[in-house]
Each structure stands twice: as C-alpha cells, then as structure tokens.
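There are 2 protein chains.
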Amino acid sequence: MTKQVKTAIEPTREEDYPQWYQQVVKASEMAENSPVRGCMVIKPWGYALWENISRVLDGMFKETDVKNAYFPLFIPLSFFEKEAEHVEGFAKECAVVTHHKLEAGPNGGLVPAGPLAEPLIVRPTSETIIGDSFSKWISSYRDLPVLINQWANVVRWEMRTRTFLRTSEFLWQEGHTAHASREEAEERTRMMLEVYARFAQEYLAMPVIKGTKSPSERFPGAVDTLCIEAMMQDRKALQAGTSHFLGQNFAKGSNIKFQTQGESEEFAWTTSWGVSTRLIGGVIMSHGDDDGIIMPPRVASAHVVLLPISRKPEEHEKVMAFTKDLASDLKAITYYGRPVTVEIDARDIGGARGWDWIKKGIPLRVEIGPRDIEQNSVFVARRDLPHREKTSLKRDDFLSKITGILDEIQNNLFERAQSHLLANTVPMDTRDDFYAFFTPANKEKPEIHGGFAMSHWCGSADCEKDIKSDLSVTIRCIPMDAPKEDGACVYCGKPSARRVVFAKSY
Amino acid sequence: MTKQVKTAIEPTREEDYPQWYQQVVKASEMAENSPVRGCMVIKPWGYALWENISRVLDGMFKETDVKNAYFPLFIPLSFFEKEAEHVEGFAKECAVVTHHKLEAGPNGGLVPAGPLAEPLIVRPTSETIIGDSFSKWISSYRDLPVLINQWANVVRWEMRTRTFLRTSEFLWQEGHTAHASREEAEERTRMMLEVYARFAQEYLAMPVIKGTKSPSERFPGAVDTLCIEAMMQDRKALQAGTSHFLGQNFAKGSNIKFQTQGESEEFAWTTSWGVSTRLIGGVIMSHGDDDGIIMPPRVASAHVVLLPISRKPEEHEKVMAFTKDLASDLKAITYYGRPVTVEIDARDIGGARGWDWIKKGIPLRVEIGPRDIEQNSVFVARRDLPHREKTSLKRDDFLSKITGILDEIQNNLFERAQSHLLANTVPMDTRDDFYAFFTPANKEKPEIHGGFAMSHWCGSADCEKDIKSDLSVTIRCIPMDAPKEDGACVYCGKPSARRVVFAKSY
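Top to bottom, those sequences are chains S and P.
For the first sequence, the residue numbers in our numbering are 1 to 506.
For the second sequence, the residue numbers in our numbering are 1 to 506.
Among the hints, a few may not be true.
Sample of chain P residues lacking proximity to chain S, with all beta carbon distances greater than 12 Å (derived) [to be verified]:
# : residue
1 : Ile130
2 : Thr277
3 : Phe379
Label-pair ranges, simulated between beta-carbon atoms [claimed, not checked]:
# : chain 1 : residue 1 : chain 2 : residue 2 : range
4 : P       : Tyr435    : S       : Glu63     : 53 to 63 Å
5 : P       : Glu10     : S       : Lys257    : 21 to 31 Å
6 : S       : Gly337    : P       : Ser264    : 41 to 51 Å
7 : S       : Arg160    : P       : Met191    : 15 to 25 Å
Because the hints were derived from the structure by calculation, they are not lab data.
For every residue, glycine included, the Cβ atom is placed at its ideal position computed from N, Cα and C.
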C-alpha cells in the first residue's frame with residue numbers, strides 16, 4: 001500500500017484543472033482579482049516574473065535593431081475606424097472615455113462631466129495611433145525601415161476573464177514596423193516569430209509549434225498572422241505569441257506613404273507583433289504540479305531561497321551569519337544575464353515555510369542548519385523533483401555547481417513539456433476518430449480530451465466553422481514546417497495538401 | 001567685431017525661452033504632440049532617456065527593499081471618493097470611462113454603447129486602488145512594512161499642456177508603503193526624498209533643494225508633502241519629485257488595519273512618492289544651450305556617436321572597418337552600470353550630420369577620417385564645450401579615458417547648474433525688494449525675472465495667496481536644512497522663524 005501523499009494545491013490537476021489553476025495563482029501569491037471587473041492585481045512575485053520576461057525579450061528585440069517608444073493610451077474614435085476589419089474586431093470589447101471631469105450630481109455623489117467632443121478608446125492595440133506617427137515620420141525610402149516597440153498596458157473588455165490568460169487589462173509589448181517592400185515586411189514578420197519561439201523554448205521551457213493562422217483566425221485587418229502555439233497540461237492550446245504581416249492595409253488607413261528610389265510614391269508595408277502577461281499563465285500550465293507553479297530558472301522571480309534552521313537560540317546568530325554570507329556569494333554569480341537572485345526566509349513558522357516556497361515555485365530551496373554548518377555543507381532541494389529529495393552539498397560545490405543545477409532544472413522542464421506535447425499530438429484521419437478524440441470521456445470534465453489533432457483540412461471556412469460549433473475546436477495553426485502530403489479533409493473529404501493543428505484552446 | 005555665431009535652435013533662450021524649449025524637444029526628436037489632446041508621443045531618443053532614468057531609479061528603490069507590482073488602470077468612482085480631499089483635488093481633471101463597447105449609431109458611425117453601472121476613472125494616481133489591495137494584504141504587524149512600487153501611465157486632464165512638463169498622460173513610478181508606526185512611515189517618506197535628491201544630483205546633474213511643502217501646496221489628502229525643487233535656466237522652479245507622508249488618512253479611507261504586537265487594532269501609516277517623465281523636461285531646461293539639449297552622460301540615450309568620414313570611395317571600407325572595430329571596443333566598457341552605448345552615423349549628408357547629434361545632445365561626437373586612422377587616432381568633441389573645440393586622441397587613449405571624460409562632462413553640467421542656482425537664489429527681506437525681484441524688467445518677456453527668493457514667511461495661507469495672486473509666485477518649499485533665524489514675514493511683517501523658497505514655477 002502506498003501512503004497517500006499530501007499535495008499543496010487542492011484540487012489536484014486531475015480533479016479539476018481550471019480550479020487547480022486558480023488555486024495555484026492564489027497560493028503562489030502571483031496575482032489576485034481586483035475590484036475592477038476583469039482587471040487583475042499583479043503582486044510582486046508575479047511581477048518579478050514579468051520583469052524577467054520583459055528584460056530578456058527587450059534585449060532580443062534590440063539585437064534586431066528595434067527601438068522602444070511610447071504612444072498615447074487613448075485612440076480617437078475616428079482613428080480607430082480607419083481600418084474597417086480592425087474596428088469590427090475590437091468594437092465589442094473596448095473601454096470608452098466620454099468625459100474629462102467629475103462634478104457633484106443631483107444626489108450628492110460625483111457624476112461624469114465635461115463631455116468630450118469625440119469619444120476616446122482605451123487602446124486594445126495601437127496600430128492606428130502608431131500608424132499616425134509613422135505617416136509623419138516616413139516620407140522617403142531613406143526613412144525605412146522603421147522598427148518600433150512599445151511596452152504598455154492595453155484594455156479589451158472581456159466578458160469571461162481568467163487571471164493572466166484573459167483579463168480586461170493586461171501588460172504586453174507591441175512591435176510595429178514599416179518597410180519599403182513586401183518581402184522585407186514578411187521577413188520581419190517571420191523574424192519576430194522566431195524571436196518568440198526561441199524565447200518560449202529557451203527561457204520559458206515551453207515547446208511551441210510555429211505556424212500560420214487560417215484566415216478566420218487572423219488578427220483583424222492583417223494579411224497574414226503567424227503564431228506560436230503551446231500545449232498546456234490539460235492538452236488545450238495556448239496561443240503564446242503572434243506576429244502579423246499587415247500588407248498595406250494599415251498603411252492605407254493611416255496614409256503611410258514613401259517616395260521610392262525610383263521617385264514614385266508607394267504605401268509602406270507594415271507588421272505588428274506582441275506577447276503579453278498571458279505568458280505567465282502559460283508558464284503555470286506548462287510546468288505546474290499538484291504542489292503549485294514551477295518557475296523556469298531563466299525567468300524565475302528568484303532562483304534560490306535560503307532557509308536557516310536554528311532550534312536553539314544560541315545557534316541562531318551563527319546560522320544567520322552563514323546564511324548571509326552564502327547569499328552574498330550567490331549574488332556574485334551571474335546566470336543568464338542577471339545575478340543569482342536570493343531570498344532569505346528566517347520566519348519561525350516551521351514546515352509551512354518550505355511549503356510556501358514550493359507553492360511559489362522557486363527553483364531551489366536550501367536548508368541551513370547547525371550540523372550542515374559544521375560540515376560546511378548545505379541541503380539542497382530542487383523544485384522539479386519530489387519535495388523530499390534533498391541533496392547535501394559542500395558549500396563550495398553548491399556555489400560552483402549552481403548554474404549547472406539551474407540549467408538541469410530548465411532542461412528537465414523543457415523535456416517534460418516536450419514529451420507531453422509529442423505524446424498528445426496525434427494524426428487523425430477520419431471524421432469519427434477526430435470527433436472521438438475531442439469528445440471528453442467524462443462529461444463532468446469537459447476539459448479532458450485528446451490533445452492536438454494533426455489532420456487534413458481542405459481550406460474551407462465552412463468546415464472550420466462546423467467543427468468549431470460541434471466541438472469548440474479550432475485550427476490553431478498551419479505549421480510552418482509541415483511537409484506537403486496529399487490527403488482528404490477530415491471533415492468534408494475534399495483534397496488537402498497538408499495537415500494542420502486542430503485543438504481546443506484558451 | 002565678433003562674427004555672428006550661428007545657433008542650431010531658433011529662437012535662442014534669451015530671445016524666447018518657452019519657444020526655445022519646444023524647438024529643442026522637436027530638434028532632438030525626443031517627443032512630438034499626438035492627435036490626442038495633451039498626450040505626447042515619446043520617440044525613441046526620448047524614450048531611451050526614460051529607460052535609463054527608470055532603470056537607475058528602479059535599482060535604487062530595490063536597494064531599499066521595495067518590490068514592484070502592478071495595479072489596475074481603472075479606479076471605480078466609489079473608491080476614488082474614499083478620501084475627501086483626494087477626490088476634490090483630482091475631480092476636475094480626470095478621464096472617465098462610461099461605456100465598454102461601440103455600436104453603429106443613428107448616422108452610420110460608431111457610438112459608445114454598453115453603459116457601465118459605475119463609471120471608472122483612469123488613474124491620476126493610485127492611492128485608493130492600491131489601498132484596497134493593502135487592506136487585504138495586511139492584517140498583523142508581521143505583515144508590515146509593505147513596500148511597493150509601480151511603473152505606470154497616469155492621466156490628468158490638463159487644460160494647458162507642454163511636452164514632458166505637463167501632459168494629459170505621462171509615465172511615472174508611484175511608490176506606496178504601509179507601516180506600523182508614524183515614525184517609520186515618516187522615515188520612509190524622508191528616505192525616498194533622499195533617493196530622489198541623490199538621483200537628481202548624481203545622475204541628472206540637477207542640483208535640488210529638499211524641503212517641505214506649505215499646507216496649501218500639499219498633495220490632496222497628505223499630512224505632509226516633501227519635495228525636491230530644481231531651478232531651470234529661466235530661473236523658474238521645477239518640482240522634480242515628491243514624497244508624501246499620508247498619516248492614517250488613506251488607511252482610514254481604504255480600511256487598512258492591523259493587529260499590533262499588543263493585540264490592539266490600528267490603522268496603518270502610509271506613504272506615497274513619485275517622479276515622472278517631467279524629469280526629462282527638467283534635464284532639457286537645466287542643461288540645454290542654444291544648440292539644443294545636452295544629455296548628462298549617466299542617463300544619456302547614448303554616450304557617443306562615431307562619424308566616419310571618407311571623401312574617396314576607396315577609403316570607405318577602411319574607415320568603416322576602423323569605426324566598427326572601435327564601436328565594438330567601446331561597447332565592452334561599462335559606465336555606471338551599463339555598457340557604453342554607441343551610435344554609428346555613416347549618412348552622406350555633410351555637416352548636417354554633426355549638427356543632428358549636437359541637437360540630440362549626445363555627450364561625445366567622434367570623427368574618424370583616413371588621416372586619423374593613419375595615426376591611429378580619433379577626433380573627439382564634447383557636447384558641453386563649444387562645438388568647434390575638438391581634441392585628437394590616440395585610439396587607445398580614447399578607450400582608456402572615455403569613462404573619465406564622461407564623468408568630466410557630468411560634473412561640468414552639475415557645476416554649471418549649481419552655480420546658476422546659487423547665483424540666482426537671493427535673500428529678500430522687504431516687500432518692495434521682493435516684488436521688484438519677481439517683476440519682469442521687460443513686460444514682453446514675463447518669463448525673465450529674479451529667481452528664487454529666500455524670504456521670511458509667517459505661516460499664513462493668506463499671505464501666500466496674496467503673493468500668488470499678485471506675482472504668480474508660490475512657496476516652493478520650506479527647506480529641510482534651513483537654519484532657525486528670527487525675522488519678519490516678507491508680506492505682512494509678522495514674526496517668522498525661518499526663510500522659505502519663493503519662486504515662479506512650472
């Protein structure tokens with residue numbers, strides 16, 4: 001008989017995945033709901049993860065000559081309307097500013113006053129307002145390319161929200177570029193997708209499939225949307241980043257024209273691309289276990305927590321001195337461009353202390369007691385291994401090995417996620433198999449289903465629509481490296497040249 | 001006869017200071033007006049300065065154990081009303097969200113739809129929304145202190161705006177802390193003011209006077225407002241940072257209570273403190289000359305521009321190779337926590353190239369021609385010296401000396417600004433002298449006046465009010481280190497114990 005192992009998160013993933021997710025967020029103290037509908041408060045432990053994500057990505061963007069800038073939060077309604085598909089896509093979910101002050105109302109409280117001549121939209125994305133600047137900055141081919149990124153908050157008034165994954169306000173970066181030729185803009189679109197894919201895999205330890213969206217899943221107003229799709233532990237897809245080739249659509253709407261070398265006048269070719277705080281949700285659902293989140297070391301909010309243990313008061317000073325000394329040596333080590341980040345938790349709360357850090361997903365926990373100090377060693381626990389597995393290491397060995405250990409954790413997380421993705425990505429060739437794959441075995445747990453189906457698709461939006469309405473399954477992407485293969489559409493049987501990825505998604 | 005020296009900015013500072021400022025902003029390509037009233041677009045050269053300001057400040061905050069977090073952009077009207085003086089102070093200038101979607105209007109265009117049950121205020125500052133989180137996070141003295149900072153955009157619907165100095169939307173950081181005792185909160189208020197003063201002086205090369213605001217100039221809802229005040233070149237004051245001791249006012253409004261060690265229940269003591277993109281305006285007006293901005297090296301958007309010069313095509317390759325090699329050696333040097341930032345400008349546009357970088361205020365311009373290369377030397381111009389003064393330096397000397405040269409520029413800027421502040425801070429003891437000091441000699445240039453008057457003030461809000469209405473002069477602060485001195489109020493003659501700083505201000 002195996003002893004029932006206690007888990008820190010209730011319910012477990014198997015018991016109730018969506019509820020497990022909410023409990024992990026809560027237990028890790030990464031974020032909480034705010035009194036504003038659909039808006040979250042990102043707490044320090046969650047924000048530190050976002051700081052690391054944005055610092056690394058920012059460096060990667062700058063390596064490709066992108067510069068940061070900042071554009072207004074508000075978009076005049078008339079600007080927003082410049083691209084017809086675009087406004088159509090966002091009109092149903094935008095916060096509208098209509099007044100610019102408050103005054104005493106008839107019943108004593110304050111009421112909006114000072115109506116604006118033109119309503120302002122709180123940006124859900126900034127193509128139109130940035131396009132207006134581009135139209136002023138660009139007049140000749142010599143001004144191109146323009147390569148801009150903005151770190152900002154955006155608002156999309158979502159009806160059903162879930163912390164990090166879908167919130168009314170979220171933090172993101174949005175890149176916007178303008179080019180003299182279609183080819184160059186298309187190349188930039190692909191280049192930024194590669195940056196996202198590399199970041200997701202190398203830093204978030206999150207394997208992704210790179211591909212193109214079907215027309216019905218494109219960004220409103222784009223000619224082409226590229227994306228990276230990751231598989232969460234419940235086998236649903238998470239769109240983790242998108243890169244849009246906008247053709248000349250937005251250039252026409254915003255009048256971004258330039259004089260070519262041949263002195264004719266042309267509209268510029270533009271792109272936009274973004275990732276958001278949604279990535280944090282992806283990290284949780286890629287790596288978390290029934291004890292909470294596991295943070296990939298390369299972006300972790302902190303790398304290691306030191307837990308000094310002194311049962312007798314006379315030991316306390318010695319243990320604390322050893323602990324602080326170790327912390328200072330650890331901070332002098334650099335791991336992936338930043339100093340090793342150390343927390344010291346000296347609270348006198350018994351076993352709860354270790355569990356708190358397990359739930360916070362810190363990669364390494366280090367216990368330091370009087371006997372360890374006598375032997376000049378420490379007791380090290382890795383978050384990716386069962387929590388009772390602890391290794392005694394000589395202090396100096398720990399210092400010399402820590403970056404290697406962090407890499408081992410990072411790689412282990414990636415490999416687990418990769419195995420999960422491969423094991424649950426299955427070719428589906430008949431409509432019956434396809435429907436069975438996506439039909440939950442247990443109706444009370446609709447979230448448990450097959451995974452990613454690699455199936456043929458004829459290219460018809462009607463087939464896509466029927467599948468979506470029957471199964472809530474969409475084409476996540478047409479993989480970039482998909483080999484050509486003659487086949488029959490899994491829904492209608494008409495000819496198809498390649499398989500696409502079908503899945504349920506967040 | 002001296003030859004008329006051409007300046008890059010027209011008008012000059014003496015001709016028209018406010019217009020000079022706008023032209024400097026434009027010529028430096030730091031920012032531009034947006035189509036949204038009062039909101040600016042911060043262009044890459046301006047944003048890079050802000051990135052450096054925020055990176056350095058962020059490090060200084062973290063050294064004092066502050067952690068970053070993020071709170072909602074929107075504040076429900078009812079929250080905003082929780083502190084009476086606070087809402088009074090901001091009600092006349094806030095953007096109000098009243099709807100959450102758009103729909104087709106009667107005349108074809110889109111109109112706001114989906115009215116919200118409760119209007120939302122776009123944050124002008126976040127005491128009330130952060131206070132709500134604090135009330136959940138804090139229940140015992142063990143939870144204190146809570147030390148939080150947020151990097152964010154805020155909106156204050158200003159009627160008269162000026163780029164960087166006063167805009168409807170601006171970027172800032174707002175720190176918010178909660179403490180178990182009045183003393184600890186007051187200490188934190190002073191500590192953060194010291195951080196701001198040190199940052200302004202050591203990084204922005206901007207000397208400041210630290211002090212306390214008079215009651216009428218306090219932050220709405222604060223018990224005490226500390227500030228740093230800098231003197232611009234037109235001798236007007238710029239409030240460059242504020243740190244507020246909020247007492248228990250906001251804790252009462254937001255119900256932030258904790259159990260003391262003695263098990264009684266008390267309201268927490270809170271503080272808030274912030275600086276904003278306004279600092280960029282301060283940098284321009286502290287150091288700029290008639291050729292444009294001069295960036296202090298420790299926060300400059302870039303440190304050095306390399307200007308390769310090759311008149312004959314056959315020289316081009318050699319000059320470019322030397323230039324790129326030098327750039328790569330420069331980037332390996334660290335100056336104040338970041339690699340030396342290098343721009344290469346190889347445009348073939350003649351003398352305009354050098355002038356562009358003068359107007360952008362880059363600390364060092366380096367010319368590299370074929371003859372310099374033969375001698376393995378470069379031609380270096382400092383932005384703080386007249387633009388014709390150039391020094392030939394051996395390549396290796398330049399590399400070994402560059403951080404020293406940057407420090408010389410930094411110190412030179414500080415000393416100039418310091419001399420200007422001291423020369424124009426004058427004791428004023430009679431009402432007549434005081435009024436003469438603040439009365440422009442030339443009525444067409446109301447911006448030219450005396451400077452900072454160090455005068456006695458009896459403490460009466462009426463005297464303050466009369467002076468403000470007569471001269472548009474306010475008490476900038478009661479200096480922290482002002483010695484006690486018996487005197488008579490410069491306005492009413494009643495007794496006063498210390499001098500305060502009177503000035504016109506931005």
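Here is how each hint holds up against the structure:
| no. | hint | result |
| --- | --- | --- |
| 1 | Ile130 | violated, 9 Å |
| 2 | Thr277 | violated, 9 Å |
| 3 | Phe379 | holds, 26 Å |
| 4 | P:Tyr435 / S:Glu63: 53 to 63 Å | holds, 59 Å |
| 5 | P:Glu10 / S:Lys257: 21 to 31 Å | holds, 30 Å |
| 6 | S:Gly337 / P:Ser264: 41 to 51 Å | holds, 48 Å |
| 7 | S:Arg160 / P:Met191: 15 to 25 Å | violated, 44 Å |
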